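Undergrad: Can you build the whole structure from these sequences, using the hints too?
Number of protein chains: 2
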Amino acid sequence: MTSDRRRIHPRKQPRQARAELTRQRILDAAAHVFGEMGYAAGTTNRIAERARVSIGSLYQYYPNKDAILLELVTRHLDEGRQALERLREETLPGTLEGIFRAHVRIVIDNHRDDPHLLQVMAEQAPRASEVLERVSRYERERVAYVEELLTRHPDARVRDTHVAARLIVATVELLVHQLTAAPDPVEAGRLENELVAMVTRYATGGGAV
Amino acid sequence: MTSDRRRIHPRKQPRQARAELTRQRILDAAAHVFGEMGYAAGTTNRIAERARVSIGSLYQYYPNKDAILLELVTRHLDEGRQALERLREETLPGTLEGIFRAHVRIVIDNHRDDPHLLQVMAEQAPRASEVLERVSRYERERVAYVEELLTRHPDARVRDTHVAARLIVATVELLVHQLTAAPDPVEAGRLENELVAMVTRYATGGGAV
DNA sequence: GTCTATAAATAGATAGAC
DNA sequence: GTCTATCTATTTATAGAC
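For the record, the sequence lines run as chains A and B.
For the first sequence, the numbering used here assigns the number 1 to the initial residue and increments by one for each residue that follows.
For the second sequence, the numbering used here assigns the number 1 to the initial residue and increments by one for each residue that follows.
Rather than coming from a laboratory, the hints here were simulated on the basis of the structure.
Here the structure is a predicted model, which is why all the values come from computation and not from measurement.
Backbone N, C-alpha and C define an ideal beta-carbon position, used for all residues, glycine too.
Among the clues, some could well be false.
[Claimed, not checked] One-sided and incomplete, this derived list gives chain A residues near chain B with beta-carbon spacing under 10 Å: (1) Q124; (2) T171; (3) E173; (4) Q178; (5) L179; (6) T204.
[Said to hold, decoys possible] These stretches of chain A come out as covered by chain B in the derived footprint (C-beta under 8 Å, 3 or more residues): (7) 159 to 168; (8) 193 to 202.
TA: The structure is reproduced here in structure tokens:
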């Protein structure tokens, strides 16, 4: 029989690392399948197949289909959130245009990997309650951030800061989704410039920036 | 037995009218169910139930579920399209802001009935090929219209008219969807003003409007 | 023309062998 | 830990009585 020492310290024991790798494979496969086929057609069987894992194994890593999507959404949101947090700490100095540019760039970068997946997540996922909650919480944070900016920054000229902030956040998010995932996508640099122009001119009341 | 005359001219024969009414009932029910529950959860059984028609009857009017959605989408697009067509004939005089206002108002009006349904149609329907084709054709028409406007109108100050037109059309459409269907919708009149301000300032290069 | 009952297909999820 | 085989639920769609 195997000694206790052997059992307690099997050599090069890759348990956790291997499991983590499989999780990641499943997640990558799900990202691909959802992005390519949409949420409904992205079945667990197809995800398992692409991850080259049996359906049974998939269910050992995730309790159900929505849990996979939830993790995908959570990771995406967390990346954006962290980037925004860094921005928030760095800049209050700078022009309004400069701040908006940083903001827009974060959103575009955050969507570069897989625009189609992001579109699926933004459009089809939110019906699931927990995903919806996370998305809307993140959105509220961003609106609050922009609203504060519109209140404090000397360049800002808007009457209702709350509504204006909602418009700005929605504009950036939705247009990046739409125009990077379109069949004929707008090039990233140009999109950045145009979006910055749009929201800056809006926020500064149409005066010179 | 019944005479030939009786068979050919049954009195007050309501065949077509009644059928048309049933079709409309099914369509209304589908609009409600899709808008309330989304596309996937909007099953044919639920639609039939709400229309107070048996499932068998429903399939006598529509060959499948997607055909119902397609008709819903088509009707919506046609309404917007006709309104846009009227606008196009009436105005080339007027300020750029005035034209944009008319444009924005059309979109808002076109979404007033049932914002949630429209959001479902915009988000979940497009995966179906035929619907996608119609939606993108209508969108191309609108982009072409705005692009021409940006090219000809003296107030317009944009470099790349095509990209600018895409941004403007997408902004109006997406923000109306998002902000009228949100849990805390932005009031229609205010939304109109803010959207007009945003796209006008963008199109006029940030100068005074 | 409308209904009930059900067929056919496919999804998500689980059991149990290995 | 991973697999195959299978269950259960649900959906679209059809058949056939009335």
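Undergrad: So, for every hint listed, does it hold in this structure?
TA: Here's how the hints hold up against the structure:
no.	hint	in the structure
1	Q124	6 Å, holds
2	T171	6 Å, holds
3	E173	9 Å, holds
4	Q178	5 Å, holds
5	L179	6 Å, holds
6	T204	7 Å, holds
7	159 to 168	holds (count 5)
8	193 to 202	holds (count 8)
In this structure, none of the earlier numbered hints is contradicted; all agree with it.
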